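**Q** First to last, the sequence lines map onto chains A and B.
The numbering of the first sequence is the numbering used here, which starts it at 1 and goes up by one.
The numbering of the second sequence is the numbering used here, which starts it at 231 and goes up by one.
Derived from the structure by calculation, the hints contain no laboratory data.
Since the structure is predicted, the reported quantities are computational estimates derived from the model, not experimental observations.
Keep in mind that a hint or two might mislead.
Claimed, not checked - Once the Cα atoms are required to be at most 30 Å apart in a straight line, the calculated DSS-like pairs of lysine-lysine come out as:
#1 A:Lys-13 x B:Lys-470
#2 B:Lys-615 x A:Lys-3
#3 B:Lys-430 x A:Lys-6
#4 A:Lys-3 x B:Lys-392
#5 B:Lys-707 x A:Lys-3
#6 A:Lys-13 x B:Lys-707
#7 B:Lys-328 x A:Lys-110
#8 B:Lys-392 x A:Lys-226
#9 B:Lys-430 x A:Lys-95
#10 A:Lys-3 x B:Lys-470
#11 B:Lys-572 x A:Lys-110
#12 B:Lys-392 x A:Lys-6
#13 B:Lys-430 x A:Lys-13
#14 B:Lys-470 x A:Lys-6
#15 A:Lys-13 x B:Lys-392
#16 A:Lys-6 x B:Lys-328
#17 B:Lys-328 x A:Lys-153
#18 B:Lys-572 x B:Lys-470
#19 B:Lys-430 x B:Lys-328
#20 B:Lys-328 x B:Lys-572
#21 B:Lys-328 x B:Lys-615
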Amino acid sequence: MSKFLKTDGRHRKLEGWPLVFTILTTLSILVGGTVEFLPLVLLESSVPTIESVTPYTPLELAGRDLYIREGCANCHSQMVRPFRDEIERYGEYSKPGESIYDRPFLWGSKRTGPDLARLGGKYPDLWHVRHMEDPRSTSPSSLMPPYDWLLRKDLAFETIPAKMRGLQTLGTPYSDADIDGAIETAQNQAAQIARNVSANGGPAGLESKEITALVAYLQRLGADLKKSTS
Amino acid sequence: MESTQSTAHPVSANPNTLTIRYDDQVVRYFVIATVIWGFVGMLVGALIALQMPFWQANLGQYLSFGRLRPLHTNAVIFAFAGNAIFAAIYYSTQRLTKTRMFSDAMSRVHFWGWQAIIVSAAVTLPLGFTTGKEYAELEWPIDVLIAVIWVIFAVNFFMTLKIRREKHMYVALWFYIATIVTIAILHIGNSLAIPVGMFKSYPIYAGVQDAFVQWWYGHNAVAFFLTTPFLGLMYYFLPKAAERPVFSYRLSIVHFWSLVFLYIWAGPHHLNYTSIPEWAVSLGMVFSVMLWMPSWGGMINGLFTLRGAWHKLRDSVVLKMYVIGITFYGMSTFEGPLLSVKTVNALSHYTDWTIGHAHAGALGWNGFMTFGMIYWLLPKLWKTKLWSDKLANTHFWVGTIGMLLYVMALYSAGVTQGLMWRAFDDAGRLLYPDFMETVIQIVPMYWVRLIGGLLYLSGMIMLGVNMIMTIRNAPEKPTDAAVTVSA
């Protein structure tokens, strides 16, 4: 070791060979990542699948991308840790198999607001519309910014098929028929949510707006797991 | 800005010697960019710090918290710290290799390309174009540009090493090598995605694997963008300012190799208790704890370099800044392993403690090392005295107090909220079942954090004023430094 560290030792020689130095550095930084990552990809047991977990519907997928666009994950996690207090507060802890269709994953790293992994079905659609338009109307001392533009902006239904095509390439089991009928499927689901909202006294005409997609996505969160336990 | 008298070809009167003129113009560019983007990044930081206790400060869709927070982190990491490390690398590499940079054109493409990346980030993030992956939010066209510019930077740097006139590479260069190689691998590895639109893509990884790759990247961006290049900066600029050699050559070898080897393993500690397999998280935790040693190796080598020179601190704002910077490096690299330990992480994760930790590193280590370097470089690059030592000293104190207020407020907020989330009453029910109760409790701390941040920002403004006034006093075309070597 001392031969190596002396001021005229072997390391000094290495300092005269930038190429060798760079190769050794590269090898050093590749070891850790490789050892940790390969088993995650190669071992199926790393991510046990859950039968009831299915891909997002076209509208939910569009809603998920709005969740990403607005940066919701900056303040909300989607990862219930296996602790008594978290299970009590949010519900069943999160399983690896739940996020197999999540590109990107949205587990988050900060809870300025509560975790949302088990949000689906907790509140009616209208609650979400009101909450996004003015968070204080449903949660009086909330710090959340309003997202009222989601009620005004039209949803870009036409971008959905290309997104599903991309995900299909990556392995999400969307059929060609799913993709061909995606816009219609999304419009039907949006119409259903919009009807539900207006029937309960909410604003009318939301079926073409972004808010319906976001509501569809939020109502889906954790829903697959409930399907499997019920 | 015009490129000044660049003499790409060595000239000399004496046939047995060569005079090498360094390219200091590109360093001037990077220094100015550091100060401008530092101000912008911290200003956005102050705005989002205000948005947390005061939601009315969310100014419509383009300026709401969710879109501005990534703008703040990207601006501070890649624009402020990024330009600072490029200034450090271009200044010190030329001197350590006794040669001008390999290609002036590549240096200029690197500078302007990097600024173009920053501007496109500042436009696309408020528009809502984001991958949603922390510190890697920029969408695929910008990711491609980053990769191209980084490769140009790498070629320019390694070719400069190739044509060096100094046989042995000094320790600062080792850290630059590690930085350039690893950032390229991390950026490309984490950004692999398929485009589904002009500004929309989906990563090739999903769920658990995506989480792992993201934090392999995220943690090591801290390691190889905010740590190794700043250690290189420390190894060059601290001994210069202190006029003392580095404390220990042996220590620098040992801590360099252990640091670059161990850091990569620590990523999974960002995913404690999540759906990542238990073995991976435990491995991440063990390596994080081991990482404490090489990190403190760097701190010790830095602080001990000042042995016998501590009295110089009284008169040198540069050394004062370095001492605070290195001390905060030591504190946050002790805190990091602590937070990676599962039992601590169970409390701290998802709270403001993490944000406090990140800012101890960013404001304390990256910020103060950058400020120290710039105050030292200003007179050298512009061939004139620093405009005001007094203002620089005020910056030092305002910055230090601001940073302390900032981190104390968030430690307190984090621990408070973490304890409230897990509190049970005697009957075994949650003591604070309403999440809102735990938020209201920490709102005062958010205001204190804002005050701390504003103090730190005002220090940044003082640096800006000092820089502008110093440049105004500079000769019209400051000459670049030169060195004479034997032919």
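**Q** Hint by hint, say whether it matches the structure.
**A** Now for the hints, and whether the structure bears them out:
1. For the proposed pair A:Lys-13 and B:Lys-470, the alpha carbon gap of about 25 Å is at most 30 Å, so the pair holds.
2. Annotation: proposed proximity of B:Lys-615 to A:Lys-3 is violated, straight-line Cα distance about 46 Å (limit 30 Å).
3. With a CA separation close to 53 Å, the supplied pair B:Lys-430 and A:Lys-6 exceeds the 30 Å bound.
4. Proposed proximity of A:Lys-3 and B:Lys-392 is supported: the alpha carbons are some 27 Å apart, at most 30 Å.
5. With a CA separation close to 50 Å, the supplied pair B:Lys-707 and A:Lys-3 exceeds the 30 Å bound.
6. For a cut-off of 30 Å, the pair hint linking A:Lys-13 to B:Lys-707 is broken: about 41 Å separates their Cα positions.
7. Proposed proximity of B:Lys-328 and A:Lys-110 is contradicted: the alpha carbons are some 47 Å apart, above 30 Å.
8. The straight-line distance between the Cα atoms of B:Lys-392 and A:Lys-226 is roughly 62 Å, outside the 30 Å bound, and the hint therefore fails.
9. Restraint check for B:Lys-430 and A:Lys-95: satisfied, since their Cα atoms lie roughly 27 Å apart, inside the 30 Å limit.
10. With a C-alpha separation of about 29 Å, the suggested pair A:Lys-3 and B:Lys-470 falls inside the 30 Å cut-off, and the hint holds.
11. Proposed proximity of B:Lys-572 and A:Lys-110 is supported: the alpha carbons are some 17 Å apart, at most 30 Å.
12. A C-alpha spacing of about 25 Å is found between B:Lys-392 and A:Lys-6, which places the hinted pair at or below 30 Å, so the restraint holds.
13. Restraint check: the Cα-Cα separation between B:Lys-430 and A:Lys-13 comes to about 48 Å, which exceeds 30 Å; the hinted pair is violated.
14. Taking the CA atoms of B:Lys-470 and A:Lys-6, the gap is about 23 Å. The hint holds against a cut of 30 Å.
15. Simply put, A:Lys-13 and B:Lys-392 have alpha-carbon atoms about 15 Å apart, close enough for the 30 Å limit, and the pair holds.
16. With a CA separation close to 24 Å, the supplied pair A:Lys-6 and B:Lys-328 stays within the 30 Å bound.
17. For the given pair, B:Lys-328 sits about 59 Å from A:Lys-153 by alpha-carbon distance, which is inconsistent with the 30 Å threshold.
18. In summary, the hint linking B:Lys-572 to B:Lys-470 is not supported, as the alpha carbons are separated by about 41 Å, beyond the 30 Å threshold.
19. Under the criterion of a C-alpha separation no larger than 30 Å, the hint pairing B:Lys-430 with B:Lys-328 is inconsistent with the structure, at around 45 Å.
20. Among the hinted pairs, B:Lys-328 with B:Lys-572 is inconsistent with the structure: their alpha-carbon atoms are about 48 Å apart, more than 30 Å.
21. Restraint check for B:Lys-328 and B:Lys-615: satisfied, since their Cα atoms lie roughly 26 Å apart, inside the 30 Å limit.
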